[in-house]
Amino acid sequence: MTLYIIRRLLWAIAMLVIVSALTFLIFYAFPSADPAALRAGRQATPELIAQIRHALGLDRPVYDQFGIYIKNLVLHFDLGYSYQNNVSVRSEIFSRLPATLSLTVGAVVVWLLIGIPIGVLSAVRPRSLLDRFAMGAALVGISAPVYWLGLVALFLFADDIGRIPLFGGAGSYVPLTQDPAGWFKSLILPWFVLAAAFAAFYARMVRGNLLDVLGEDYIRTARAKGLAERRVVLKHGLRAALTPVVTIAGLDIGILLGGAVLTETVFNIPGVGRFAYDSIVNSDLPAIQGTVLFGAIFIIVANLIVDIAYAFLDPRVRY
Amino acid sequence: MKTMSAAAAAVLVTFLGLAAAGCGSGSDSSASASTTSGSSASTAAKGSDPAQKGGTITVLSAGDVDHIDPGQAYYSFSYEITYATQRPLLAYKPNSVNASPDLASAMPKVSKDGKTVTVHIRKGVRFSPPVNRAVTSSDVKYAIERGFATSVASGYAQAYFGDLVGAPAKATAKVPSISGIETPNPTTIVFKLKQPVGVFDGALGMPLTAPVPAEYARKYDNQTLSSYGLHQVATGPYMIKNNASGNINGIGYQPGKLIELVRNPNWNASTSWRPANADKILFKEGFQDPTVMTRQILSGSADVNGDTPPTPAELRSIQSNKAQRAQLVFTPTGGSRYIALNTRKAPFNKLDVREAVAYVLDRNAMRLTRGGPIDGRIATHFIDPSFGSKGFVQSGGLGFDPFPSPDFSGNVAKAKSLMRAAGYPSGKYTGKQLTMVADNTPPGSNTAQVVAADLAKIGLRVKTISVTHSTMYTRFCNVPKNEPNVCPNVWWLPDFHEPQAILNVTFNGQNITSVNNSNWPLLDIPSLNKQMAQAKRVINPSQRYADWGRIDKEVTKTAGAIPWLWEDFPTLFSSHVTPAAELWNGGAPDVTFMSVK
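Line by line, the protein sequences are chains D and P.
1 is the number of the first residue of the first sequence in the numbering used here; add one for each residue after it.
1001 is the number of the first residue of the second sequence in the numbering used here; add one for each residue after it.
No wet-lab data here; the hints were simulated from the structure.
Incorrect hints may appear among the rest.
[Said to hold, decoys possible] Cross-link-like lysine-lysine pairs, in silico, DSSO-like; alpha carbons within 30 Å at most:
| # | chain 1 | residue 1 | chain 2 | residue 2 |
| --- | --- | --- | --- | --- |
| 1 | D | Lys185 | P | Lys1597 |
| 2 | P | Lys1241 | D | Lys185 |
| 3 | P | Lys1241 | P | Lys1192 |
| 4 | P | Lys1553 | P | Lys1416 |
| 5 | P | Lys1553 | P | Lys1530 |
| 6 | D | Lys185 | P | Lys1280 |
| 7 | P | Lys1174 | D | Lys71 |
| 8 | P | Lys1219 | D | Lys71 |
Pulled out of the complex, with its shape left as it was, chain D reads as follows (with noise of 0.2 Å):
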């Protein structure tokens, strides 16, 4: 097992590699907006914009910047600073974790409370009135798009717009720390609407899985041994159909975690993804960087973690 988990995270370190130089290429292979003349201005001499793109190291060769960055990287753990306001990448990074880390955690739980239960009880009681209505209402909540739920949302039950106002609206996002009840009540929209479209897809997938697994041999005996239907089923039968489930939850815990874009950014909630839209909209390479290497991170991290995960879930794992 430890030797597993060091080739891993060697691996991971590679592909981290691979994550940053491909940004760059894309960033420099694609038609971008000009960092040095967004910053110059528009009245700004070309001389001037010269300067600014020397001060900025954009005239050294793409290879020559990526060294920097990685030497940067490995040895000051250094994502620059921003082309647009000069703050530095990683402090704002970590500025705005708690914010999407508390979308992220919260959605999780909201999604797995509801979309486990429901593919249990679809499963268990397949194509009754149950099974289809809840597969319908995931099918639509697998179709909506975030960005469209959550403006309903905020039009029906923000406290500011809403039309039964209960819930914080948009830029209602208060840090843990600074007011408890005030985030709890701002992130109920955004758990929720975030939390819809994978509740949905989790509740379809334990459906399928569940179903699948209540079929094997191994049911059937531990039926004929005359143990407990909720017994057989949770224990016997869900076990093994969360192996799966697990290893998706862990890859979009992951994605999330390096920013859920379009639900921070309908929200007005200042985490990592509304930095990586904005640093796009700016062509702000160094925060580009940095986000699209933090969202990398997590996902790694989180494959790393689901592996391991498996070894415990199924017994036939072995590394």
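For this one, chain D is given, so just place chain P on it according to the hints.
Just chain P, lined up with the frame of chain D:
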């Protein structure tokens, strides 16, 4: 200051009618103050309704400032913060396009030869903590000088202060000393110019002239990229909340999230005409959805839109509601949107073809892509009606339209006859496909579609490359070697209400640059260049406006750029505040004149 009640609207209509008939007096003192609203605007500024003191005003914005450093800030939204926290030599009251002395104690005195400009500054103006000392003329000198340093790199230092004696021709590694800025005593600053500059007053109203304490700022300005903006001190009624060492980053300035203005404890109200009613101003950023933003303002959970207008649908809904209509103020931006045709490339190197395009464009349909009449008047030349007698009247006002068509919907027959004159017997272009670089999001992308369809009516088939708005400028339309045949989404806002600020950078062939070029049609007509060079040196305002009015007509007739919209900006105020919109700054709210009811 004027407000636009029903009576004032009638005055404006009369004025515009006179302008259309070419009956302007030519006086330089009557520039139009044409902010309009359903009821009253800027009543606090007018003084007819005693404003309440105290409270918090919340401004919502989609994006962040372009730069937090007052020496770098160059966007309308950034100015909302800069002019509330800094005191340039001159500044503007909300409904005026004429500068008033701010840090200056009186308007500048210009010598007879126009080469020496003397400004006295007010006593009793002090920097905010941690500097806490009185402002002197040396602080203004340093503020302008730092704009020439690479670490600050003001976007307009060279354009407006490059004529100062001793000004460096290009940015310098360290903050230079400019011999043409003299400070004979702590309250006097003298500008020595190599040649007369007609718009120097306008330049003195730019935020670059707001004082900066050298002994405090120099260590930041000596960095590769100055971080003085993150440690700035204020002279205005408000300051960005900071800590004891002056740092605002993560405190009063949270990029992309919040800018928090609090009262500047060292501000002396007796030295300023700003009422500064509210105790605190919050600029909440990141509101990407204009509908949500609009509803929040209407609900009273926020007070005004800072950088993004309500959607056309929302505007129509608000206008149909009597109570809400009173909260909406329309302000001319002072700028115009136009279609730029690359005059260096065939077929637009021929005047007849360009004129044909000017005739064939359905400018009414183009305006509909941005919301229709609610978005502003269809432009027929470049100087906006808000300039009034500062050039608009002189350029023919509403009566000057060299490419007329019924209801501005285009004249295809006339366009085809011009194409025949250009050597295309069928009235349609027969050459290769043209290129157009346009926005990849509405409304710009929709405008581009209308343009493409109109061009096709005279055989001009275009291949559209769709990119982000900033990419369109910085990689294509601003770079002559990459410039396509058509740039349909360009827009120019003047830095101040002087016609030169509209026409010189954009149409003077002397200003074509290899990058960051804003002469999008690449117009380079020697006779026009010469007229502009002369007009720039005219100190007498009446003569200057007459000259630029004539230049505006000539530029329009070249059809290198085809204006189609004099845009208005809608500012929506909550019912909890007294409105104040800046006519000089494209309708941005003036938080120093607003008050909480």
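Hints, one by one, checked against the model:
This hinted pair checks out: Lys185 (chain D) and Lys1597 (chain P) have alpha carbons roughly 28 Å apart, not beyond 30 Å. The suggested pairing of Lys1241 (chain P) with Lys185 (chain D) holds, with an alpha-carbon distance near 27 Å, which does not exceed 30 Å. The straight-line distance between the Cα atoms of Lys1241 (chain P) and Lys1192 (chain P) is roughly 37 Å, outside the 30 Å bound, and the hint therefore fails. For a cut-off of 30 Å, the pair hint linking Lys1553 (chain P) to Lys1416 (chain P) stands: about 24 Å separates their Cα positions.
Note on Lys1553 (chain P) and Lys1530 (chain P): the hinted pairing holds, with a Cα-Cα distance of about 15 Å set against a maximum of 30 Å. Our distance criterion of 30 Å between C-alpha atoms is met by Lys185 (chain D) and Lys1280 (chain P), whose separation comes to about 25 Å. Of the supplied pair hints, the one linking Lys1174 (chain P) and Lys71 (chain D) holds, its CA atoms being roughly 28 Å apart against a limit of 30 Å. Taking the CA atoms of Lys1219 (chain P) and Lys71 (chain D), the gap is about 27 Å. The hint holds against a cut of 30 Å.
In this structure, only the earlier hint numbered 3 is contradicted, and the remaining ones agree with it.
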